[in-house]
Each structure stands twice: as structure tokens, then as C-alpha cells.
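Chains as they are written, first to last, in the working numbering: chain H, 3 to 306; chain F, 3 to 306; chain B, 3 to 306; chain D, 3 to 306.
If you are wondering where the hints come from, they were derived from the structure by calculation, not from laboratory data. Any given hint could turn out to be false.
Just so you know, same-sequence chains aren't split out, so a pair can sit in one copy or run between any two.
[Said to hold, decoys possible] Below, a list of computed lysine-lysine pairs in the DSSO-like style, where the Cα atoms sit at most 30 Å apart:
| id | residue 1 | residue 2 |
| --- | --- | --- |
| 1 | K170 | K274 |
| 2 | K65 | K274 |
| 3 | K170 | K118 |
Number of protein chains: 4
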Amino acid sequence: MARTDPCLPDEVRGLTVGKPLNAAILLIHCNDQRGIVHAVTDFILEHNGNILQLDQHVDPGQKHFFMRVAWTLDGFLLRAEQIDAAFRDTVGERFGMQWCLEFSIEVPRMAMFVSKQSHCFFDILARYESGEWRVEIPLIISNHEDLRPAAERLGIDYYHIPITPEHKHEQEARQLELLDKYSIDFIALARYMQILSDDFVRHYPQRIINIHHSFLPAFAGARPYHAAFERGVKIIGATSHYVTADLDAGPIIEQDVVRVNHEHSVDDLVRKGRDLEKVVFARAIWNHINHNILVYQNRTYIFD
Amino acid sequence: MARTDPCLPDEVRGLTVGKPLNAAILLIHCNDQRGIVHAVTDFILEHNGNILQLDQHVDPGQKHFFMRVAWTLDGFLLRAEQIDAAFRDTVGERFGMQWCLEFSIEVPRMAMFVSKQSHCFFDILARYESGEWRVEIPLIISNHEDLRPAAERLGIDYYHIPITPEHKHEQEARQLELLDKYSIDFIALARYMQILSDDFVRHYPQRIINIHHSFLPAFAGARPYHAAFERGVKIIGATSHYVTADLDAGPIIEQDVVRVNHEHSVDDLVRKGRDLEKVVFARAIWNHINHNILVYQNRTYIFD
Amino acid sequence: MARTDPCLPDEVRGLTVGKPLNAAILLIHCNDQRGIVHAVTDFILEHNGNILQLDQHVDPGQKHFFMRVAWTLDGFLLRAEQIDAAFRDTVGERFGMQWCLEFSIEVPRMAMFVSKQSHCFFDILARYESGEWRVEIPLIISNHEDLRPAAERLGIDYYHIPITPEHKHEQEARQLELLDKYSIDFIALARYMQILSDDFVRHYPQRIINIHHSFLPAFAGARPYHAAFERGVKIIGATSHYVTADLDAGPIIEQDVVRVNHEHSVDDLVRKGRDLEKVVFARAIWNHINHNILVYQNRTYIFD
Amino acid sequence: MARTDPCLPDEVRGLTVGKPLNAAILLIHCNDQRGIVHAVTDFILEHNGNILQLDQHVDPGQKHFFMRVAWTLDGFLLRAEQIDAAFRDTVGERFGMQWCLEFSIEVPRMAMFVSKQSHCFFDILARYESGEWRVEIPLIISNHEDLRPAAERLGIDYYHIPITPEHKHEQEARQLELLDKYSIDFIALARYMQILSDDFVRHYPQRIINIHHSFLPAFAGARPYHAAFERGVKIIGATSHYVTADLDAGPIIEQDVVRVNHEHSVDDLVRKGRDLEKVVFARAIWNHINHNILVYQNRTYIFD
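Isolated chain H, as found in the complex (with noise of 0.2 Å):
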């Protein structure tokens, strides 16, 4: 975004939310065992950690465990960059965890990838704008030329790479590039409408949230809303999830829904649809940029 852009105010843009907390976050899980958020907090406290927050689950069907920890790095004993290995070597590798360790002020770089339908787009970019949100948006791709005015007009690049099915290798091979160029942490398909290949998403695992509109497992695939009108649903939804391999079946971040009932046609069914994506694709986003997230064996576990 382009901070200097002198048409804007300062409290209508940017990251105006107050500064942030200079704290750690940690996101673990590991087969559940005696001690962990006693070693955890050991870890923490040794060093001089003030915990903000700490949030843990236990599945007791899969003895898995889950947590999440954050703490404030004001006086803490370890710099930023010792602390993923000094953990390691007392906690991590001893419970055999997998963890994920990330620091509230590193601002997320977002990519968002859009076609034509533009609700989704606009209402990321009024958060953009207005600050809601700790995250750059330096980067649009489209099949299509038609959301570029808006997204010049906040200052992010914005790329036209159309996708044909004789050239799509190529140009994901050119988006991947870009989202290199541009240092992207993580893209958000903004009702994209184009399939990524296996190979483009095994680039950004975990880190690619799409928006579909239907509740997943119904009406997974291409209309959803006409899908839904013909077999006659009194609830329609929208679901936001990761990306896998498999379409439209990634770990789900968040769902929600809205009645309807047989005075709506399919296009009531798309403008109603159209408000539910766009608040469930925000509360995705907002979980992931705020690293609440684990994700285990296809399901997520969301410490919000």
C-alpha cells in the first residue's frame, strides 16, 4: 500500500489500530503426554516471559495434543531470532512437538487472486484501507482486467494473467514468480474461480484460503446456489478453508449461514450468499493473519 499516497488521511488508511504488542507466539501440537504446558510455561518463565495468552486442547480420541501460547517480548532474556532454537533444545524435541513460533509485529504479506465477481475484493480492500487489518497487500492477480481501476487506486500492482487450459502451466509458473518477487506470505482466492494445480499448491501449504459459497460438504463444486435452490435447502452458507489437493475439501477455517426459504430464487440466493462470503471470508483471514490456527490431519484447530 502505498503509505505516502498524499490523497489519504492517516486514520482512513493504513495500520491505525494502535500499536501492536511485541509478543511471541507459539503454535504446537504433539502426541498428548504428562507436562507439556508445564514445560511450556517453565520455558517462558525461565526467560522472563509474561503469558498473554495460552490455550490448549487435548483430543481425546487421537491423544493429540494442541496449543497456543503468546507472551510479551519486553524483557524477555532471549532475542527474537534465539528463541526458536533454545526451544527446540528444551521443549520441542524432548515432547517430539511440531511448532510453528511467530512474532505479532512481522506484518503479514498478503496476495489476492480475483476474477470478476468483486464483493470479496471490495470489502478486503475497505479493511485494507481503513486499517482493520495487521497485513500488506502488495500484490492482485486476475484472469481478468476488470477489478485493476480499484486496486491501482489504493496503490497495489495489479497483474492480468488470463488462464487458458493449453497455457496454464506457464502462468502459474509466472504467478509463482510474482508471489516470490513480492515476498507473499500467504494468497487469498477472492472468489478466484479457476482450479490451482497440485503443483502450485504444494507451494504454499497452508497458506492459500479460499472462499467457497456453499456449506462445504454440500454443494462442493462449480453453482453451488443453483445447486442449493434445486434440492430445496431452508439454510444456505458459505465456508472459507485451505487448499488442498483436493477441491473444495481443505481444512475448514470458518462456516456460517443464512435462512432462506422458498420466496428467494437462486439470484436471492447469490445476493444473500454474497454478505456471508464476505464476513466468513474476513474471519479466515483475520484467524490466519493473527496466527490462531493449527492444522492437523485435515481439520483445523483455532485458537481465537
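Given the coordinates of chain H, assemble chains F, B and D onto it according to the supplied hints.
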């Protein structure tokens, strides 16, 4: 229900929700044409009827017309038994309608089919005992003995008809005999857990109401809560529908949902789902009892 | 909206949701009497109208009748400007009706009043820019300069009219002048944060729509999220209503809610509430634009 | 409950949800300080406990710490009756905690207070009879005789204690005597419709659960459905809360809502509200029975 049961005070049971209106209810559908509402209201007016409720809907895609109209019979110039023929001659045939005429003072007779799960069963009995619904429940059929005491203490006849693959046909014949003997108008499958044969279903078209413990069409078939847990959905649902020859694919009458998260085990989904099933099933039955439902091409049109 | 703005492709903005029907819409209410529906449908039929939608409601307590009926004007035997008088002479006066006649091809003109909070403002602009609503927004008035750039880039005139206690009267006079000059039909208070004088409100009866950030009548007045947090509610809400002389007490058009729990701070309530406000406000405006709303004795009757 | 009642099969009643865990549950709150989670987990670990669940929350505004932790007593080195003192000596006093120690194998004893309305009463009896809750209900008190038969057929003692203004004090004394005699742990006011005196409430702090038929704080006091109808709300609610000296102002445990519209009469609100009250009340009682609730400064912290 044993109305003379001396143990129950009048206010606790029976049909105590006030003297019902003496009204006629017409449910109509036909191809959309000019003048339908006018013709129907003309029919009612010219016989001195006073319209209590009128709701119509045109499906613009199918160009099909749906209507529910109710009027008082106090002062109406036709006797109840004359209305159907008079309507046919002056309105019904002219517009090629299909219609259904009901009278609010008639109390529908419902049979309940149950198995071992008791939550929907108890919920319906409580509504029955407190007089919440205008319905008679003279008959309960089960493939187990478990719920007999609770049925019999309300004076409801309870038949234990176990279902085995080899005797299914003759047992269904016995069920049909009982339904006939008790003059049953419609059947509520209160978690009956048995699949009815196509032949059985044909005897009660749009008169068998099922409660399925998922948000259909997601998780049709067996063990939907386990499937929902596996898929990691963030919302679970329940669906009440008319039973047709296609399993869990009949016209949906009512659905509702409740949020879940990663902390909920399958047992938690079952627990939360029970309350959902009860209320979704009850709403569906209530709409059926009140003659609010039209079915056309596997969709319901509910004028509530 | 600057329809000739060369920067915006046609599909991204403007009124692109298909050619609208050329329909007349009548909103009617009166004392309940025999024959109203018949008389109204007779009026439409005899002038060769084809009814698109008809919905009526009788409040049994007040014995008051409400109706919305829409019919195509293609082939109708009266010209648009003749309909009102003809209806009055043949139906309206006979039943002592109050009614309102609207035409679907007329595009309502909306003014937005804003302050510094941008979420409802951006949400409405996105709907406007994408052509989701049949509405013109020629005018935005604010007591701050902050949102001017976003308004002006869509070609909407933006007036900065600061409100101070001593100049409120003359500033409102200036606002009224602008509303008149721009031929404004109705006003959307998109988190305007100023209380309009009774005199101002009288100029736009049932034509000023507010969004209040609580589930009214709970937490009327200032700082509702703080009050909701203090009270420890488990659900927060938003309410859109017509503005009357009584603060936050006008007829409610739409409400919705979202669950919260003890983990949510006031900031979290504000964040979750923003998304709620946007969608509740948008649904209310949509119903107003589509002439779906009748108001009677401080209650709305919404035929959507 | 008459466990030896020969009429009821085992599966239909009683505590049949599987052998419960033999666990200890600690509910803790205190000023936020460094090292609390570490100290609590240290206490459990050093006595060989295995943590089943741990959930903590810090209110950043009040800098107050809340926690629920549960661990198995199988193999725990302290006997149940030693735990409280040991915890006090090593952890509780050091951090200035207030805490509450519960044991999962103890079955809470609940009294129900009822009047004439039966829906919450029947709903609770059905959960009781089917063994859905780990609770004993040995005592029902009512100011009317109406619901006696349904109580007595489950073997629950039913006392008719009419309340009149002049005898309220002595009647409450009799109620307190009964509660004591039956060793009651907490009271569920299942639409009891009487206001308890401050003196009575003081005997059962955070141990009297009420269901109020509105979305509090809206429509506190009498006839909330009538008030909701008058105000024209689009959503109605129900609220379950602990009873305090201030009417309808105690800490809220659970709330839920359902949409209504202009077609719904007050009777419809009452009908829809009944189902809402049942489920909201049941969720609140379930959380109380499972020791999930902390109360601090008139807010609940629910670890479910």
C-alpha cells in the same frame, strides 16, 4: 390420549390453547395465470367468507403459482362438505389447479415411530401432554420395548414390532394395518432408525416426516455426527423432511444449525445435535399440523 | 455517480443487474374489511395488469390490514401518472386506505451522512460501485473531512459541514438545502454520530435510516459495546431503524446478532460488531430501496 | 429419582452416559501475576496428576486471571479430601487466589421451582429421565398443584407451597428448610414466576439459575413478549442467569435468539420463545452441573 385420566389436571394436557377458529384452509398450486388471486378471493367473498390469511408465491423460473388462503366458516354460505365441489366447479378446474382443502377444527391423528433414542420422543410427548399442538397421538410403534412405559402413562397405545431383514415385509404390513385401524393421518419418525420400504412410503405420500441429524444434503445416511467431526465442520445441523423413496432426499421442511469448534468431541456434537433435532422436528410437525406446507417437485412451500 | 468515468469498466460499477422490470408497486394499509384483496386485484386485472407479487397481512389484535402488491406495467391500460388517481377513486377511498405508489424503474436518490468511522461507508460504496443496488448516491455529508477522498474518487460530491452546538441549527439548514438541491429521496446515517434535531427529522419521515450498534432496545444511546461488555451479555447485536424524534426508538427495520464470550474484550465486540452493522444496515437500505417497508404505529411491516 | 421403579427400563432413565471420569476440577481466579499457570500445573504434576483440560483467560482491562483445570485422580498422590488444603498451602495463598474444587464423580442435587408453565419443567424431566445430565432431582417446589402428577410419576417429591404477600416470609422459610433437608446444591427456577426475597437469595449465591424470556437487558421484568411485540423487534431472545438481589440483573450464563417478523403475534412469540427458553435454560444448567462457570463482578467466565 386418555382424556379421562384423573391424574392429569386439565391445564397440563389436552387441547387447551383456546377454542380454535372454525376456518377453512385451501392450499393451491397451478401454472401461473392472470386472475388467480382474484378468482379465489371472489369465490370466498361471494359465499360470504372473511379471509383470515392469504399468502401467494409465484416461482418466476417455473412460472408456477402457489397459494394458501384461510377464511372463517362462521356465516359462510356453503356447508363444509359442499366447499370442495363448489371450488372445483367455479375455480379449480378453470385454472387447472391442484388443491387441498382442510378444516381447522379437525384434529389430525399422528402416529410416532420410535427406536431407542428418546429425546425427540420425550419432546413430542411433552408438547402433547401440555396441549401445545392440536393433534391426537393414539399410536406409537417401535422396534424396541424401551419407551413403552412413557407412552403408556399418557394412555397412548404402544406396539413393539421388531424389524428383521427377513420379516420386514410382513412387519410393515402389520404397521400399515395398525395405521389404518387407528385412522392415522400422518407419521412422525422420531429417530426411528429403520429405512421404510418404497411400498410403505407410497401409502403415506407427504405424510411421513423424518428428522435427520445432519444439515442435508451434507452427511446423508448413517452416522452423520461422526462424518461431520471427521470433516471438521464448524457448524452442525439437523433437517426435517418428508420421506420419499430416495433415502434422505425428500422435500426439506425445516433445517437449523448450531456452531461447534475443535473442542467438541463426537459426543459433544451428539449432545448439541439432540437439542437441534428436537426443535427442527417440532417446527416441521407444527407446520404440517397447521396445513402450512405445499410440496411441488421435491421442494416445500411453507406459508407460516 | 460519474457514469462516464473512463477508469471504471462497465461491469464493475453502475446498475448492471439486468434491465429492471417495468412494474408498479402499491403499499397499502387500512382497517381490516371484507373484500380488500378482491378489490385491489380487481383494479389491477380490469386494467390488464399481471400480478408479480402479492403479500398481505392482517394484524388480528389491531384489526388492521397491510398489503404489498406489484404488477407489470407492460400492457397495462393506465399510464403511470394515471394510476394513483384511478386507484384512489375506485379502491383507496372506498376502504379508507393509506397507500403509496412506487415504480420500479425509478432509481431512488440516497444521501449518506458519515463521520469518521468508515466501515459502513466503505461497505455501501462497494455495493454502489459494483451495481448491487438500484440507487443513486449523488451526495455525502460529513462533520469531518476524513472520508472525502474515497467519496470523490467515485465522483460523489462530498460536503464537510462541522456540527457545533451553537451552529447546529444553521448547519442543519444548510444540509436541508443540499438535500433539496440534490433531489434526495432518503438518507442513510452511516455511523454519523450526531443527533438530528426534531425539525430536521420532520422533513424526512420514514426516509432517514440509522444503524445503531446494539440490539435495541438494549443499550440505546452512547457506547453500546462498552455497556454490553459491562453487562456481560453472550450475544451482541446491531439494529437499523427509521429515525424519529425519539432517540434510538424509531421503527426497527432489521436486526441481527453474533455470539460473544468472556474472552472478547470491548475491542473484540467493536470488531465483530462492525461486520454486523454493515450487513444489518445494508439489508435495511435494500428493503427501503425496493419499497418493501410499511410503517404503522412505530412498527415495520416488511414484505421482502 | 426412584431408581428401583420397576416400570422404567435402565436405558430410559438414570445416569447411563458411561462411567464418569474420576477427576478433580479447579476453578480459580485472582489478580494476574507471572507464573500462575506454571504453579498450578506444577502442583498437579508433582502429585502425579494427568491434566485433562486446561483453559485460562486474562482480562486485560481488569488484569484479572481466570482458570479451569481438570485432571484425573487415578494415580494421584493426594486423596480427594487432602487436595484443597494442599493446594491452598502451595499455590492458592501464594497468589491470593479464590478457588473452588469440585469432583466429577459427585452428582449435584438440584431442586426445581415451578409454577403453571410446563415447557421448561417437562424439558428438564425428559433430560433427567433419559440420563442426559449427571444430576439428581429429589425435590420440586411449586406455588401450584398442577405439575404434581408428572413429578410424582418419576418419583420426585413435590411440595405445594402457595405464595401470598402476607405469608411470603414463612413460606420461604419452609422452602429453605426443604432445600436443607434434601441437601440441595442448586436451584433451577423453571418459569417459577415469583420473586425471591434478598434473604432467600443470600442462602444460595451463584446457585440459583433463572430463565428469563427476553434478551436481557432488553425487556427485563414482566410480560417481555408483549413488550417485544410492542417495540417491533425483529429478533426475540431468552436469557439464563444466576439470581441476585437485583431483579433480572444477575450474571448472564447463556442467551440465544430467534428471528421473528411482522406476521408473528404475541402468541407466536410466546410459542417460539418456549423452545428458546428450554434450550437456553438447559445449556446454562449443563454448564453449572459440569462446573464450567466462574463468576466475577457480575460477569460469567464459562469454560465449556
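Provide an ascending list of the numbers of those earlier hints which the structure does not satisfy.
Number 1 - this is the single hint that the structure violates.
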